[in-house]
Amino acid sequence: DAKTTQPPSMDCAEGRAANLPCNHSTISGNEYVYWYRQIHSQGPQYIIHGLKNNETNEMASLIITEDRKSSTLILPHATLRDTAVYYCIVRVRDDKIIFGKGTRLHILP
Amino acid sequence: EAQVTQNPRYLITVTGKKLTVTCSQNMNHEYMSWYRQDPGLGLRQIYYSMNVEVTDKGDVPEGYKVSRKEKRNFPLILESPSPNQTSLYFCASSFYTGGQETQYFGPGTRLLVL
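Line by line, the protein sequences are chains A and E. Under my numbering, the residue at position 3 of the first sequence is numbered 3, and the numbers go up by one with no gaps. The number in my numbering is simply the position in the second sequence, starting from 1, with 1000 added.
Treat the hints with caution; some may be incorrect.
What the hints assert, rightly or not - Using 35 angstroms as the maximum straight-line C-alpha spacing, the simulated DSBU-like pairs for lysine-lysine come out as follows:
#1 K1018(E) to K52(A)
#2 K3(A) to K1071(E)
#3 K101(A) to K1071(E)
#4 K3(A) to K1069(E)
#5 K52(A) to K3(A)
#6 K52(A) to K69(A)
FYI, nobody ran anything at the bench for these hints, they're computed from the structure. Nothing here was measured: the structure is a model prediction, and the numbers come from that model.
Isolated chain A (complex conformation) (with noise of 0.2 angstroms):
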């Protein structure tokens, strides 16, 4: 089973900062937060990932949380092109991937 919670769907007005939550309560110590995206039947595409502190790449931010129990991507100014199905993954390096159901986000024109 996966091991985070994402809400299924969200809605965001294009341009706008969009908000992505994830719980991830019983991630340990060595485990990563990892967020990536699939466009409709694409491969999914690597955006972000962190352990402790907050991440920033030319793609988003990552912030997460000082207890790590949960974690939100940030993609700053959202196009119609950012509408994908976003997930957020918890592992150790080597382990398998486990991916949930994740959040299909749609950018609003």
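Chain E: place on chain A using the hints.
What follows is chain E alone, placed relative to chain A:
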């Protein structure tokens, strides 16, 4: 360009006719894996390989075989396909940097078994 390629992208076959889906990566990654994706079930891992000649079962290995004779290739073999193996298949390869891993996925192979 760094990429994971899969062939064929689409395949229609009949029950019992052996088939192979190829996967190749040009990034010299050690870790490769296969997933299948079905509506309502998400992505499930079939097999994975930590390196050449090292393979192991994922969550749903029944009915599949793999081999890893070279680092760049990781073919998925269906010796006797059945209709319940109709699915969307993804190959992935991973790299490690600073103790952290990131996966790259191929474009997918859509298989229909009649």
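**Asked** Of the hints given before, which are not true for this structure?
**Response** 1
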